[in-house]
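Once you've looked at the hints, dock chain B against the given chain A.
As they're listed, the protein sequences go chains A and B. Note that this note's numbering has the first sequence beginning at 693, numbered continuously upward. Note that this note's numbering has the second sequence beginning at 12, numbered continuously upward.
Please keep in mind that the hints were generated in silico from the structure rather than gathered at the bench. Note that beta-carbon positions come from the ideal geometry of N, C-alpha and C, so glycine has one too. If a hint is listed, it holds; no wrong ones were tucked in.
Per the computed footprint, the stretches of chain A lying under chain B, defined by three or more beta-carbons under 8 Å from a beta-carbon of chain B, are:
| hint | region |
| --- | --- |
| 1 | 906-912 |
| 2 | 1123-1136 |
Below, in silico cross-link-like pairs of lysine to any residue (SDA-like), each with a Cα-Cα straight-line distance of 25 Å or less:
| hint | chain 1 | residue 1 | chain 2 | residue 2 |
| --- | --- | --- | --- | --- |
| 3 | B | 217 | B | 92 |
| 4 | B | 263 | A | 772 |
| 5 | A | 799 | A | 770 |
| 6 | A | 1090 | A | 842 |
| 7 | A | 791 | B | 262 |
| 8 | B | 153 | B | 124 |
| 9 | A | 744 | A | 1011 |
| 10 | A | 844 | B | 121 |
| 11 | A | 799 | A | 842 |
| 12 | B | 121 | A | 842 |
| 13 | B | 263 | A | 907 |
| 14 | A | 908 | A | 755 |
| 15 | B | 126 | A | 823 |
| 16 | A | 838 | A | 822 |
| 17 | A | 791 | B | 114 |
| 18 | B | 126 | A | 818 |
| 19 | B | 263 | A | 797 |
| 20 | B | 121 | A | 822 |
| 21 | A | 908 | B | 268 |
| 22 | A | 1023 | A | 1044 |
| 23 | A | 1079 | A | 1186 |
| 24 | A | 1160 | B | 101 |
| 25 | A | 1160 | B | 218 |
| 26 | A | 791 | B | 120 |
| 27 | B | 127 | B | 137 |
| 28 | A | 908 | B | 265 |
| 29 | B | 217 | B | 235 |
| 30 | A | 1090 | A | 1116 |
| 31 | A | 1106 | A | 1081 |
To be clear about the criterion: a stretch of chain B counts as covered by chain A if any three or more of its residues have a C-beta under 8 Å from a C-beta of chain A, and this derived list gives those stretches:
| hint | region |
| --- | --- |
| 32 | 107-113 |
| 33 | 164-170 |
| 34 | 190-199 |
| 35 | 258-267 |
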Amino acid sequence: MAASSSLSSPFVSQKDADVSPFSSIKISQKKVSTKIVSVMAQRKPSATGSVKMGMTMTEKIFSRASEKSQLCPDENVWVNVDVLMTHDVCGPGSIGIFKKEFGNDAKVWDREKVVIIPDHYIFTTDERANRNVDVLRDFSHEQDIKYFYDIKDLSNFKANPDYKGVCHVALAQEGHCRPGEILLGTDSHTCTAGAFGQFATGIGNTDAGFVLGTGKLLLKVPPTIRFVLNGEMPDYLLAKDLILQIIGEISVSGATYKAMEFVGSTIESLTMEERMTVCNMVIEAGGKNGIVPADATTFKYLEDKTSVPYEPVYSDDQARFLAEYVIDVSKLEPLVAKPHSPDNRALARECRDVKIDRVYIGSCTGGKTEDFLAAAKIFLASGEKVKVPTFLVPATQKVWLDIYTLPVPGSGGKTCSQIFEAAGCDTPTSPSCGACLGGPKDTYARINEPQVCVSTTNRNFPGRMGHKDGQIYLASPYTAAASALTGFVTDPRDFLR
Amino acid sequence: MSTAASLANPTTFSSFLSSRLHRQQAPASISTFNVFNSTAQRSFKPLISQSILVPNPTVSCHASVVAQATSDSSPSGSATSFHGACYVVRDNIDTDQIIPAEYLTLVPSKPEEYKKLGSYALIGLPESYETRFVEPGEYQSKYSIIIAGDNFGCGSSREHAPVALGAAGVAAVVAESYARIFFRNSVATGEIYPLESEVRVCDECKTGDVVTIELEKSLLINHTTGKEYTLKPIGDAGPVIEAGGIFAYARKAGMIPA
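Here chain A stands alone, though its shape is the one from the complex:
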């Protein structure tokens, strides 16, 4: 894929990173060739005395967390965990394992480092789902967990002052994401937090049970693939388009076991929420973690959110990368991922004949404040009403509040909610993961018939949002809003120019 991609796609060129001692391997085209495309020459050792090998920022985080001054990719090390997050789907199972292995009276390793966030199946009458939140509550009380974002009154989310909503957005908003740290969560999209320059990845119940008791985990140091995104972001593109471009390039297994590091002038120009969108879908390429170097944008975001000291790390100039992709963002166009795979990339404008039945704007990927501001921008520019049911699911209470209070630029002081109402969208619903992953049958906006949906979510495998024959087109909030206005998959430039 590497070499062939630089011929077929002028937007992505491959810069061969000089890597030592292990060679840079080009990731080959997914379903076609598996031959090695090129192998890099070994770098000559420096002539000036003993050289400490350069490390990537991910390697440095592992190094610090495992208290080893030097390490290489593929080593397995025990790391100290800074934050463990769990939610209502995997929490009960993790707790069960914790108690079974450490004893019923065991205490978690640090009551301030476990963050428990019910968010998946909340606003449902499913008894087991409701019971699972109770399980989290009982455990949090028993362990005196400092950060438990509880919900009791399901009929009115606002009546629950502690409740936040989608865990990955809540982690960021509550200041639990900090540069240089290790954050593990019982959810695959835990990689979102890599936007803060930390190592963040998803783990299962058993591993989580282990961390609950020890505060440590045995992890393998991943090699890093670097993505250099340069160029001014066109006004019709969003971070979602960037990551869809990359996943489409390297495939759903293109980054398996690897760290994906995002640098470049475009990345630097992104807000924290946009960086979160990029890192969020790293798992869709099989990536172990996504990571963006912390900078002034990061520090500003964290200013009012955390007082815990942190120490950012950065990749050495001599750090060794498995591969490096350079992308000229100014040449990219709005994209979709067609059913049924996140790497089934296509230009939005080439899908304009695809008739759709509904639009879903929400999730950790596309349900943040800026995602709704983006959608509002399109509806405002159009002034028309949506042609299909358009479901709005704010990720957290804070996002919901922003939708109802923040003025949308260029609207003369209107809020997102007013613009959404004027456009005929559904009323923004209670914040949670919602129908991104289908959920219990009574979940709001679940796909229960074989319908076509354009969604700002992260996966479109068969049955993802409910019905096995549902057809999900993953897209940016711009593209989703544009599509809602026409009733077909639509390039947002149709409304932005």
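What follows is chain B alone, placed relative to chain A:
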């Protein structure tokens, strides 16, 4: 997952380069030591114990259904081979197909719910898969070995995925490659033995073929077609599997009290 598994040895690495390039560096591909030491005591959880159903009056399904993941065990109960009918799936079988999200309210650490998860294993596969993995009303599958293509288990980190397969009686999976979290969860839980093939066995086997997996010989034998396939060594995950999962491994390593 030994700390010795680093890539500092160029000889090891060049042999990796000369072998078929895989898209993912699963632990199995880059191991510098052979865990398939025939003298090693294998204490991997005997998967057979889940398939042999103790008579349980509350189980209304046919307890003896065919689940026949027979496994040869040493007196200590460890498995050295798996035998049974195989179920073949294609590439990129994601966790939503293995166990759709609506069933995630079931908590794997609760025995009754663990059993229920088995009944929903692979229920998310599209209609193009004509043969159902678990028959309606059953808790276990008649297929004890899954043969898969690339990137098996991609998607979510939900441990319910390997758990559902294990609860349904799956003893082992032979895939061309795995997604990371799924592989890790399989090893950590001990629910299924995740093996990798050298070639695309999913193209050469059909659902219903009777197969045997010989762990010590790293061999997959398809009795129906008469063909044999080499499996890759389990790699870094070997010591964890041999210890009996992450907790047992940690106790052995002294990381947590015994």
